[in-house]
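S.K.: Based on the provided sequences and hints, a complete structural model is requested.
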Amino acid sequence: GESVGLHLPTLSVQEGDNSIINCAYSNSASDYFIWYKQESGKGPQFIIDIRSNMDKRQGQRVTVLLNKTVKHLSLQIAATQPGDSAVYFCAENAGNNRKLIWGLGTSLAVNP
Amino acid sequence: GAVVSQHPSWVICKSGTSVKIECRSLDFQATTMFWYRQFPKQSLMLMATSNEGSKATYEQGVEKDKFLINHASLTLSTLTVTSAHPEDSSFYICSARDRGLAGTDTQYFGPGTRLTVL
Chain A
1 GESVGLHLPT LSVQEGDNSI INCAYSNSAS DYFIWYKQES GKGPQFIIDI
51 RSNMDKRQGQ RVTVLLNKTV KHLSLQIAAT QPGDSAVYFC AENAGNNRKL
101 IWGLGTSLAV NP
Chain B
1 GAVVSQHPSW VICKSGTSVK IECRSLDFQA TTMFWYRQFP KQSLMLMATS
51 NEGSKATYEQ GVEKDKFLIN HASLTLSTLT VTSAHPEDSS FYICSARDRG
101 LAGTDTQYFG PGTRLTVL
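Chains as they are written, first to last, in this note's numbering: chain A, 1 to 112; chain B, 1 to 118.
Honestly, the hints are just simulated from the structure, not real lab data. Even glycine gets a Cβ: it sits at the ideal position worked out from N, Cα and C. It cannot be assumed that every hint is accurate.
Taking beta-carbon pairs under 8 Å as the criterion, some of the chain A residues facing chain B (in silico) [to be verified]:
#1 Tyr32
#2 Gly43
#3 Pro44
#4 Phe89
#5 Leu100
#6 Leu104
M.R.: Next up, the structure:
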């Protein structure tokens, strides 16, 4: 079936560097994408979202880029901090029932 | 805003007993809530979609008689794991979609409930 997947299962960066987390999706009908952050033992926390009529959206220290041509989504975190260490999931909304299809997750480790 | 709570945050029970988990939207009304389970180092797996005032829609492979879902109000959904067994031990997470934000698909998640069945 169609799914959302991630290229990198783990990512290690130095504090202060920029982080880029990538995600590939296969459902061309998806029109809404979300990034979530999940810390150990907690529920996912909404970070940022983007609709398919946009290719870029910025938040506080985060930017999401959407490339519909190659079905690719990325999350950029500027000046990565230790508190950014978590697992990041991309998810897409598809279908009339608007269920989320989840990627596998990328573990981000920030080295001091 | 958009706060979702779950209770309890963790529970330990004996095999064969039933456990009820509550999911509440604290500052918004949710016509739709979702229940997920998550195993260590894995992604979230959708179990069922819960619509206020109607029967839940279960994902393929999820036993509706084992995982009873009730969505009696716009702010509360419950998941009851009946006759729990050790293989039901997992992290259960609910999410809710804000009824007031027309056209949005954003789901807000609760903090999760850790279930351990002995």
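S.K.: Next, verify each hint and record whether it holds.
M.R.: Right, here's what the structure says about each hint:
1. Evaluation of the Tyr32 (chain A) hint against chain B yields a held restraint, the C-beta minimum of about 5 Å falling below 8 Å.
2. Proximity of Gly43 (chain A) to chain B holds as hinted, the smallest CB-CB distance being about 4 Å (cut-off 8 Å).
3. Checking Pro44 (chain A) against chain B by beta carbon gives a least distance of about 5 Å; that is within 8 Å, so the hint holds.
4. The restraint placing Phe89 (chain A) at the interface with chain B holds, with a minimum CB-CB distance near 6 Å, inside the 8 Å limit.
5. Checking Leu100 (chain A) against chain B: minimum C-beta separation of about 6 Å stays under 8 Å; hint holds.
6. For Leu104 (chain A), the interface hint holds, since its Cβ comes within 8 Å of a Cβ in chain B; the closest pair sits about 5 Å apart.
In summary, the structure agrees with every hint in the numbered list given earlier.
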